[in-house]
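There are 2 protein chains.
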Amino acid sequence: MAESGFKQKVLAKIDEEKESIINLLRGMVQIPSVVGDEKAVQEFMAKKFEEMGLIVDMWTPDYEELKTHPGFASPNTTYENRPNVVGVLKGVGGGRSLILNGHVDVVSPYDEESWDHKPWSADIIGNRLYGRGSSDMKGGIAAMTMAVECIKKAGVRLKGDVIIESVIEEEAGGVGTLACVVRGYKADAALITEPTVIEEGGLPMVCPAQGGSMWFKVHVQGKSAHAGLRYEGVSAIEMSIKLCNALWDLEKFRNEKLRHPLYERYKIPIPLNIGILNSGVWPSSVPENATIQVRIGIAPGENIDSVRKQVTDWIAKTAELDSWMVDHPPKVEFFGGTWIPTELPLDHPLVQIITDSYSKIFNTEPVLAGTPWGADGGILVHHGDTPVVIFGPGDMRVIHFPNEFIEIDKLIAVTKVIAFAILDWCGFVT
Amino acid sequence: MAESGFKQKVLAKIDEEKESIINLLRGMVQIPSVVGDEKAVQEFMAKKFEEMGLIVDMWTPDYEELKTHPGFASPNTTYENRPNVVGVLKGVGGGRSLILNGHVDVVSPYDEESWDHKPWSADIIGNRLYGRGSSDMKGGIAAMTMAVECIKKAGVRLKGDVIIESVIEEEAGGVGTLACVVRGYKADAALITEPTVIEEGGLPMVCPAQGGSMWFKVHVQGKSAHAGLRYEGVSAIEMSIKLCNALWDLEKFRNEKLRHPLYERYKIPIPLNIGILNSGVWPSSVPENATIQVRIGIAPGENIDSVRKQVTDWIAKTAELDSWMVDHPPKVEFFGGTWIPTELPLDHPLVQIITDSYSKIFNTEPVLAGTPWGADGGILVHHGDTPVVIFGPGDMRVIHFPNEFIEIDKLIAVTKVIAFAILDWCGFVT
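In order, the protein sequence lines correspond to chains F and G. The opening residue of the first sequence carries number 1 in my numbering; numbering runs sequentially from there. The opening residue of the second sequence carries number 1 in my numbering; numbering runs sequentially from there.
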């Protein structure tokens, strides 16, 4: 059979298995797996990998082993009942190996009342499958898993190994992927199937670069006073407003200074988001303290420590321009996860292969871009020596919010692109 | 004995009882009485009034009776274990009656760690007695109570009745004083001994006018988005900053428009305080909601409903100038207590008498001013038909904060001024 014949068999198998793809995703979405509570869904994945005939490795990441690793960033000191699962399809030899990586943890649904379709319902309405994690990123895991299954069911034998990593805790710093690296899982390249749709009705982008990000708090000190004599005090809210404006100026400064071809399509290539502001305890007292919590984006090529210093210096200089803050300087505290930016050259073979596969399935060239958000790719690249492309069926605009959904036609089409990419990357016996 | 002879006897008695005044205040401060938990200190007051030979009336305010009263403003629906105490010294007849009013509830000490002298210690260091409530306003209650006791102990018989009201819940809306009014306690005038020192080392002011105040929240709606695409969202923090600036403009507008001779000494006669701002749930999400909590001052002569309308209209007009808020207008919600402003003409006999008494004790004319904060006076004036002056030994700058204190020499001097004022107002048998 010619090469194209094998590919046609795999395509036909994916069309035949459409309901299985949807059902796998429904099964995953119906198991709540808010970060920290991944056990049930991981057992589900392990069972799936076993049924597929993969070599299944399920283990609990070990805090003691990981805590001193330079890539370690986690709010936790134990991962009990939070296993990682890896399923390996061994190739016959002579091909390139590929990691397919996805995280099963999801962010909280927060206020379930504001969901029209309940977060764990996996309701299907027309082309949409609803639920927390449907786009971020159980959809991606379903697509990559079923791509492998359909290749196998079509009777195609791969040359290189495929390693499917179903990991925990991406949403809080990436310890799951780090644990895979430390356990020894490496490959010639990796595909992470995080959501890369960013426009309503748009097609997924292919992302050879991913932005990094990190979090920091600014602790602001004012001086309390009774509201009746409020001018005797110094409002921490007033100071916070100065600092917020300074932070938005910093965002502007950074985005005007930095140029990156894969980020030019974004209105704000490396966004700085002021996510939380809390100040004050009583309506009739001048607020004495405030805390501002910020997420700053980091462009590929930027040095994390330099960005930290830039933030700290920027806040310090802002304080020097205020008669109160010059003597009561706000304190900057970096906390929580750090997502390392990373990028591949556009002529890297995996980028080429995914681009070609994409063009065959979607009948159009993909948009190549960097992601403006962080993911586990930085860990694979910097600590696992594995080049990464991000490409997945989810929609970035709906994740982390009520009524998260994924479009079923994209889920199926992306499964096909991944299957083609696996065939071309790993090679197969004709 | 000539009039001045009786006054000298009372003065001498106060000097003799200096330690008893301090001890009464220490006893009160050592009993925690955060608003809602006033029972123990009220039992202490009732015992004191009994020992003084007053007619003691201790009762629990009745929610059912009070709730429909136009002066009712309380966050509670029961006052169980929160009695009011009134002690009455009947005059021999032919004189004017006087209410002496003070509240035993205090605001929380909040973070006890930041107190060098613990909130319920009543530590004395030099001229200062420390503790939550020492200035606001157990010091005032000690002074007015001991003024009456010393008059009695000096053997002076008053013509008019003196009614000492030891009330609950001033800090949350004044239901204790309202309950006194509803129970029938009225008089020809009243003195409230709230703190009126406003400058370090300064003397207490005599305040024939008191500002009012009320609280409101502004509920702000944004639109969430992932930080990486933050420009797809609308930051509730950004909207809140616009609204805070608008509120400070409103304060400027009101203070430039309003003129009141008793308020000209204040940098901001009717302050608007933004006390609390809370927004956001996650550093990496654009904050969708915010709540701003505000205390607005009301000048004597202003109509409460007009001020409410002014606030609501101001926010509405601000929203109309913003492309997001015009379609997603912030909501204004008035909540919690309302302190009604009030004032007496400067030639009212009680103002004259307190001024004269003050001059004799302090050897200087008092500063006459309005208070920039609200108190229970509005209830006595508007619902109890009783004119009010505010004058007390506490220091406004230290109340509601850690290390609240009162200056002992002022406590004693104010006790003397009050005693003289009682003698002159009620009249006495010579």
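Heads up, some of the hints might be wrong.
[As the list claims (entries may be wrong)] No more than 27 Å apart at the CA atoms, straight line, and that leaves these computed lysine-lysine pairs for DSSO-like: (1) 153(F) - 13(F); (2) 217(G) - 317(F); (3) 217(G) - 217(F); (4) 223(F) - 252(F); (5) 159(G) - 18(G); (6) 217(G) - 267(F); (7) 331(F) - 360(G); (8) 217(F) - 252(F); (9) 217(F) - 159(G); (10) 118(G) - 252(F); (11) 153(G) - 360(G); (12) 223(F) - 217(G); (13) 223(F) - 118(G); (14) 217(F) - 186(F); (15) 257(G) - 242(G); (16) 242(G) - 223(F).
No lab work stands behind these hints: they were computed from the structure. Since the model is a prediction, treat every value here as computed from it, not as a measurement.
A quick look at each hint next to the structure:
1. 153(F) - 13(F): Holds - the C-alpha atoms of residue 13(F) and residue 153(F) are around 7 Å apart, at most 27 Å.
2. 217(G) - 317(F): violated, 33 Å
3. 217(G) - 217(F): holds, 26 Å
4. 223(F) - 252(F): violated, 30 Å
5. 159(G) - 18(G): With a Cα-Cα distance of about 26 Å, the restraint between residue 159(G) and residue 18(G) holds, given a limit of 27 Å.
6. 217(G) - 267(F): violated, 34 Å
7. 331(F) - 360(G): With Cα atoms ~53 Å apart, residue 331(F) and residue 360(G) exceed 27 Å; violated.
8. 217(F) - 252(F): holds, 19 Å
9. 217(F) - 159(G): Distance of about 66 Å is beyond 27 Å: violated.
10. 118(G) - 252(F): violated, 48 Å
11. 153(G) - 360(G): Given pair residue 153(G), residue 360(G) holds - Cα atoms ~21 Å apart, limit 27 Å.
12. 223(F) - 217(G): Holds, because 22 Å separates the two Cα atoms, which is no more than 27 Å.
13. 223(F) - 118(G): With a Cα-Cα distance of about 20 Å, the restraint between residue 223(F) and residue 118(G) holds, given a limit of 27 Å.
14. 217(F) - 186(F): violated, 35 Å
15. 257(G) - 242(G): Judged against 27 Å, a Cα distance of about 22 Å means the pair holds.
16. 242(G) - 223(F): Holds, at roughly 23 Å.
When each numbered hint is compared with the structure, violations occur for hints 2, 4, 6, 7, 9, 10 and 14.
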